[in-house]
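> Protein chains in written order, with the numbering used here: chain A, 4 to 114; chain B, 172 to 284.
For the record, the hints were derived by calculation from the structure and aren't laboratory data. Treat the hints with care, as some may be off.
Claimed, not checked - A partial selection of chain A residues facing chain B, derived with a Cβ cut-off under 7 Å:
hint, residue
1, Tyr100
2, Lys101
3, Phe104
4, Ala106
Claimed, not checked - Straight-line Cα separation of at most 16 Å, EDC-like style, residue types lysine to aspartate or glutamate; simulated pairs:
hint, chain 1, residue 1, chain 2, residue 2
5, B, Lys225, B, Glu269
6, A, Lys71, A, Glu58
7, A, Lys101, B, Asp201
8, A, Lys101, B, Asp227
9, A, Lys66, A, Asp99
10, A, Lys66, A, Asp85
11, A, Lys101, B, Glu228
12, A, Lys71, A, Glu59
13, B, Lys222, B, Glu269
14, B, Lys212, A, Glu12
15, B, Lys186, B, Glu254
16, A, Lys101, B, Glu269
17, A, Lys101, B, Glu213
18, A, Lys45, A, Glu84
19, B, Lys215, A, Asp99
20, A, Lys82, A, Glu18
21, B, Lys186, B, Glu256
22, A, Lys62, A, Glu48
23, B, Lys225, A, Asp99
24, A, Lys82, A, Glu12
Don't be surprised by glycine CBs; every beta carbon is placed ideally from N, CA and C.
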Amino acid sequence: EDQVTQSPEALRLQEGESSSLNCSYTVSGLRGLFWYRQDPGKGPEFLFTLYSAGEEKEKERLKATLTKKESFLHITAPKPEDSATYLCAVPLHSNDYKLSFGAGTTVTVRA
Amino acid sequence: EAGVTQFPSHSVIEKGQTVTLRCDPISGHDNLYWYRRVMGKEIKFLLHFVKESKQDESGMPNNRFLAERTGGTYSTLKVQPAELEDSGVYFCASSPYEWAPLHFGNGTRLTVT
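Just chain B, same shape as in the assembly:
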């Protein structure tokens, strides 16, 4: 089976610009998560979708971040406008049911200059 796919793998943008990250989960996985690791820190939870519904978005840092999951398939994470502190690696993960081990993508490395 194909794994979790994230695009782009790298993105370099200027402060104030907008960036959209995309995640394609494993087919049939209803649960989709976004996590991120900023420089020198642990991987932190951002939000959780069950199908197309946001189950938990308590980890989203502020309203500059917007996540969507169209039709319960792929998901996008938009950062608008980007700030320097948004730099880091954004991981997407999926699982077939809650409490199942997460399958992670290889992440998108975002650099805001």
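Here chain A stands alone, though its shape is the one from the complex:
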């Protein structure tokens, strides 16, 4: 059973073309949702933690939001350096620290 589903699988954007990535989850009693960025050949790099519905966090051109069933990662006026795979992850159980990762969305930003 999929607990974390990300869409779309891939996203090709023109520089400056804003868009959003989706992460939906089925874990009950969510204790946190994590967004990571992964570049080719590298490990995931932490971006944000969201803890409760309605919470928003921003970093440069990225903004993450959270509802009771999904999270969005908004990329505003992206640049080529924003090209990466974006992963979301949630703890498997409410009292657990091990993360269940989505398959990721690969974003390519063309100049």
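Given chain A, work out where chain B should sit, using these hints.
Structure of chain B alone, referenced to chain A:
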């Protein structure tokens, strides 16, 4: 501060051989995790150490996998004997406390032929 370091970055071995992966976490991080991504799949949890103790090893696929964490510092993950389905990228991550964001290493790409 130095990040999480993994060695080797790549390993190619034959089926039936043994391989040992090493992870050096960020200094002072008591929590150490192993994850892996096999071809076409999501990153999956393998196990969690708190200092030198195994807190959770529910993700270990079978008894061919053995993880240790000597003195609560670096960790090793041994696969013996390796099978074809063990191919993938093995990530190590560390954190200063539970629920803190994980700091990942760049992974070890294991290919079993």
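> Each hint needs a verdict: does it hold in this structure or not?
Now for the hints, and whether the structure bears them out:
Hint status for Tyr100(A): holds, given a least beta-carbon distance of 5 Å to chain B, under 7 Å. Taking 7 Å as the C-beta cut-off, the interface hint given for Lys101(A) holds, the closest approach to chain B being about 4 Å. Using the Cβ-Cβ criterion of 7 Å, the hint placing Phe104(A) at the interface with chain B is satisfied: the shortest such distance is roughly 4 Å. For Ala106(A), the interface hint holds, the least distance from its beta-carbon to any beta-carbon of chain B being 5 Å, beneath 7 Å.
Proposed proximity of Lys225(B) and Glu269(B) is supported: the alpha carbons are some 14 Å apart, at most 16 Å. For the hint pairing Lys71(A) with Glu58(A), the CA-to-CA distance comes to about 11 Å; that is within 16 Å, so the pair holds. Between Lys101(A) and Asp201(B) the alpha-carbon distance is near 15 Å, which keeps this suggested pair within the 16 Å criterion. With a C-alpha separation of about 9 Å, the suggested pairing of Lys101(A) with Asp227(B) holds against the 16 Å cut-off.
For the hint linking Lys66(A) to Asp99(A), the alpha-carbon distance of about 26 Å lies beyond 16 Å, and the restraint is violated. Taking the CA atoms of Lys66(A) and Asp85(A), the gap is near 13 Å; set against the 16 Å cutoff, the hint holds. The hinted pair formed by Lys101(A) and Glu228(B) meets the criterion: a straight-line CA distance of about 10 Å does not exceed 16 Å. At most 16 Å may separate the alpha-carbon atoms for a hinted pair to count; Lys71(A) and Glu59(A) meet this at roughly 13 Å.
This hinted pair checks out: Lys222(B) and Glu269(B) have alpha carbons roughly 12 Å apart, not beyond 16 Å. With a C-alpha separation of about 13 Å, the suggested pair Lys212(B) and Glu12(A) falls inside the 16 Å cut-off, and the hint holds. This hinted pair checks out: Lys186(B) and Glu254(B) have alpha carbons roughly 5 Å apart, not beyond 16 Å. Between Lys101(A) and Glu269(B) the alpha-carbon distance is near 10 Å, which keeps this suggested pair within the 16 Å criterion.
Taking the CA atoms of Lys101(A) and Glu213(B), the gap is about 14 Å. The hint holds against a cut of 16 Å. Straight-line distance between C-alpha atoms of Lys45(A) and Glu84(A) comes to about 15 Å, which keeps the hinted pair within the 16 Å bound. With a C-alpha separation of about 14 Å, the suggested pair Lys215(B) and Asp99(A) falls inside the 16 Å cut-off, and the hint holds. Between Lys82(A) and Glu18(A) the CA atoms are separated by roughly 5 Å; this keeps the pair inside 16 Å, and the hint holds.
A distance of roughly 10 Å separates the Cα atoms of Lys186(B) and Glu256(B); the hinted pair therefore holds under the 16 Å criterion. Distance check on the hinted pair: Lys62(A) and Glu48(A) sit about 13 Å apart at the alpha-carbon level, within 16 Å; holds. Proposed proximity of Lys225(B) and Asp99(A) is supported: the alpha carbons are some 14 Å apart, at most 16 Å. With a C-alpha separation of about 19 Å, the suggested pair Lys82(A) and Glu12(A) falls outside the 16 Å cut-off, and the hint is violated.
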